[in-house]
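So the protein lines, in turn, are chains V and Z. For the first sequence, numbering that gives the first Met the number 0 gives the first residue as 0, with consecutive numbering after it. For the second sequence, numbering that gives the first Met the number 0 gives the first residue as 0, with consecutive numbering after it.
Quick caveat, the hints were computed from the structure, so don't treat them as lab data. Treat the hints with caution; some may be incorrect.
No distinction is drawn between identical chains; accordingly, a pair holds when it is met within one copy or between any pair of copies.
[What the hints assert, rightly or not] With a Cα cut of at most 27 Å, we get these calculated DSS-like pairs of lysine-lysine: (1) K405 - K116; (2) K113 - K135; (3) K398 - K267; (4) K113 - K206; (5) K267 - K374; (6) K166 - K398; (7) K153 - K88; (8) K113 - K398; (9) K398 - K124.
2 protein chains.
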Amino acid sequence: MSIFEVYFKYMLASIITIGDEILIGQTVDTNSAWLGEKLYQIGFTVRQIHSISDKSEEIIRAIDEAIELVDLVIITGGLGPTNDDLTKKTLVSYFKSELTLDIEVLVRLENYFKGRKIEIKEAHKLQAMLPNNAQKLINNYGTASGMWFEKNNKVIISLPGVPYEVKGIMEDSGLAKIRENFKLPFLYKRTVLTWGKGESFIAEIIKDWEEETTDLGIGVAYLPSPGIVKIRVSGSGDNDEIRAQVDRRVEGLYQLISEYVFGEDNYKLEVSVGEELKRKGYTVASAESCTGGYIASLLTSIPGSSEYYKGSIIAYSNEIKINLLGVSKIDLEKDGAVSESVVKQMAVNIRKIMGSNYGIATSGIAGPDGGSEEKPVGTIWIAVASENGVRATLLRLGKQRSTNIKVSSIMCLGKLLKEIQV
Amino acid sequence: MSIFEVYFKYMLASIITIGDEILIGQTVDTNSAWLGEKLYQIGFTVRQIHSISDKSEEIIRAIDEAIELVDLVIITGGLGPTNDDLTKKTLVSYFKSELTLDIEVLVRLENYFKGRKIEIKEAHKLQAMLPNNAQKLINNYGTASGMWFEKNNKVIISLPGVPYEVKGIMEDSGLAKIRENFKLPFLYKRTVLTWGKGESFIAEIIKDWEEETTDLGIGVAYLPSPGIVKIRVSGSGDNDEIRAQVDRRVEGLYQLISEYVFGEDNYKLEVSVGEELKRKGYTVASAESCTGGYIASLLTSIPGSSEYYKGSIIAYSNEIKINLLGVSKIDLEKDGAVSESVVKQMAVNIRKIMGSNYGIATSGIAGPDGGSEEKPVGTIWIAVASENGVRATLLRLGKQRSTNIKVSSIMCLGKLLKEIQV
Chain V
0 MSIFEVYFKY MLASIITIGD EILIGQTVDT NSAWLGEKLY QIGFTVRQIH
50 SISDKSEEII RAIDEAIELV DLVIITGGLG PTNDDLTKKT LVSYFKSELT
100 LDIEVLVRLE NYFKGRKIEI KEAHKLQAML PNNAQKLINN YGTASGMWFE
150 KNNKVIISLP GVPYEVKGIM EDSGLAKIRE NFKLPFLYKR TVLTWGKGES
200 FIAEIIKDWE EETTDLGIGV AYLPSPGIVK IRVSGSGDND EIRAQVDRRV
250 EGLYQLISEY VFGEDNYKLE VSVGEELKRK GYTVASAESC TGGYIASLLT
300 SIPGSSEYYK GSIIAYSNEI KINLLGVSKI DLEKDGAVSE SVVKQMAVNI
350 RKIMGSNYGI ATSGIAGPDG GSEEKPVGTI WIAVASENGV RATLLRLGKQ
400 RSTNIKVSSI MCLGKLLKEI QV
Chain Z
0 MSIFEVYFKY MLASIITIGD EILIGQTVDT NSAWLGEKLY QIGFTVRQIH
50 SISDKSEEII RAIDEAIELV DLVIITGGLG PTNDDLTKKT LVSYFKSELT
100 LDIEVLVRLE NYFKGRKIEI KEAHKLQAML PNNAQKLINN YGTASGMWFE
150 KNNKVIISLP GVPYEVKGIM EDSGLAKIRE NFKLPFLYKR TVLTWGKGES
200 FIAEIIKDWE EETTDLGIGV AYLPSPGIVK IRVSGSGDND EIRAQVDRRV
250 EGLYQLISEY VFGEDNYKLE VSVGEELKRK GYTVASAESC TGGYIASLLT
300 SIPGSSEYYK GSIIAYSNEI KINLLGVSKI DLEKDGAVSE SVVKQMAVNI
350 RKIMGSNYGI ATSGIAGPDG GSEEKPVGTI WIAVASENGV RATLLRLGKQ
400 RSTNIKVSSI MCLGKLLKEI QV
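Using the sequences and the accompanying hints, generate a full structural model.
Set out below in structure tokens:
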């Protein structure tokens, strides 16, 4: 049973993203994902996401459709200072309102540009004109204000298209205003995060548990991404019984798959690794070949990671592996760069070079070319070294370069987490 | 004028992505972006992208709506082996057809699992049952076949949700079959890619050019992302005149902004850098502090990058900057890690350490914490070193860690490109 069957009695939301660049794939729509998650967390069911063209007729058609289906409509995009941005004009004509100058916004814009030492342009000043039936949602991160409209007990919010402005406006005031204006249900969900196994593998192990869980009216959903499968367990109702029931089911789930679990909810594997290192006062350094800095990039995407992450040597040639990482030239020639002996030396040596508690390393053939019969594309060695020694694992992945880089990075961080937790 | 006004007389397509995980933001919908781009390239107007819940009623509502508006509907998701995947069942009931065993698919599945040394499970075998009114689109990358349906001269395609399977099926057979079945218009577009300046800055410079261009019936659209603005110029018609006209307009555009341009169409800055290095037989190495491996990760995301990329030292502590990168301890103490003197030494020294023609480096405060009055969050130094010396640039960015990492990486690659092109 879809968890949405339970929720459909609750408040519904729809997200409309405007922009030809989304339709023709020049931009990936990350705003919808962020808004969907936030709305879900505060108790909305997001019924649909609709991406449409920068065209007045299309915008009006999408709003008309959404307002029939849901209680809250959030629109992003089309509020920029250039001529192809039509959302504000369209909303003014939709509501038969008119644009008036908002002095507060104008002053804010003037300060914004002064702070950046940029001369304010006429196009920017137009950003201070707002529809007279809109309540503004202040934008501290850019030039386009968010706007809140009400019509027949339903709410329409218009936001700019730049992701950090969407996030900023909603976190500063938008989400709080939504919470004040809607009576939202009690929802309880837990999402258990696993690494290293595929969806079918996990599904087979928890088959009976899943059937028992859904029979109780509790939703189970699988959310796979490269190297990671998330299992969401969710119930809805306005009492603590649901909460207890979901907790019991999650407890049962842990008994089946605890060895693959690295956290819950919005945790990322790189956060779990960081938290665990911080808790024990340990540090890590990496030596990357085929992952080319992806592991470093994951670890350093987390604020404060300098506390436990020392750094990396990315060795994209044998020469660098020998000269900087101290890998034995003889082993490199005998076994090749993609080998157990080389990846182990990389992990052991980076630990010494950086003076860290752990050393992790990758060496493999990410593809799409460079494979051989003996070592096809997707052959990747990963290793984790600590004061207790070094362990290496051979991965046999597919042919997609970017997937191989992501999955082997996740596998390497997962193995590190296990090692720290020992 | 939206370029879509011109195109609306042509073939229209709609994309439907199915999955609660998209609506609640657990997964970003990258399939739509990829499909939108491909459809646009072969001459479709993508009129809308619709993301909906894994629920039969919602799937049917979305198909009914789309089939009214467009000629081709592509559905992704909901074809997995688990119980919450309902698309195939729903399509069977929508078309009043029935599931029959496809022996060819079954044999393919058995070989697929044998090759991966995994035991085939009952759930997997269900993947060989296909609706009897569907033409199959073979999936060489996973277990769910693509399906092609026809109804009242319109086409509905159902694909799995895993991005590389979508890509694989469409590239192997889906796109070719679409081309055979639709009479597609002649379209001509060029997208000019710029780095280092914002959308408003570029828009102001090309204001008059833009007006003249759109007056000719040629579309102009801005596609901004961190550090990059793309300008798309597009015309439609079935003669060479349009092509010549678009080319002339693009030529005029180059005269205004050539110093910011790094390529056209689907090029990435890291590809332009790689091509330029290969052409001249040069190599590069990086020393990253605040970007934490993001530059390395961009460069190594390109197949064959080992030809010109030597590697990186990611130095997340002063200790590593001194010991591995040979930065002067005195300068580090006097000027701090985020300084012109330190970033220049990083760039100069990594070039020597890795034996590359160019050395690039970053050092800054990515945020959200760690700023001071003198050096607020977003203060980032970048440098490029070559045999001709070293140049450093100070960036004053915003407060968003991930944006700061992306923008400063792009700026650093852009400066490198300029240096190679001298």
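Each hint tested on the structure:
1. K405 - K116: between (40 Å within a copy, 22 Å between copies)
2. K113 - K135: within (22 Å within a copy, 60 Å between copies)
3. K398 - K267: For K398 and K267, both the intra-copy (25 Å) and inter-copy (22 Å) Cα distances are at most 27 Å.
4. K113 - K206: between (61 Å within a copy, 23 Å between copies)
5. K267 - K374: Classified as neither: same-chain Cα gap 31 Å, cross-chain 30 Å, threshold 27 Å.
6. K166 - K398: between (36 Å within a copy, 13 Å between copies)
7. K153 - K88: within (20 Å within a copy, 35 Å between copies)
8. K113 - K398: between (51 Å within a copy, 17 Å between copies)
9. K398 - K124: between (51 Å within a copy, 24 Å between copies)
Checked against the numbered hints given earlier, the structure breaks only hint 5 and satisfies all the rest.
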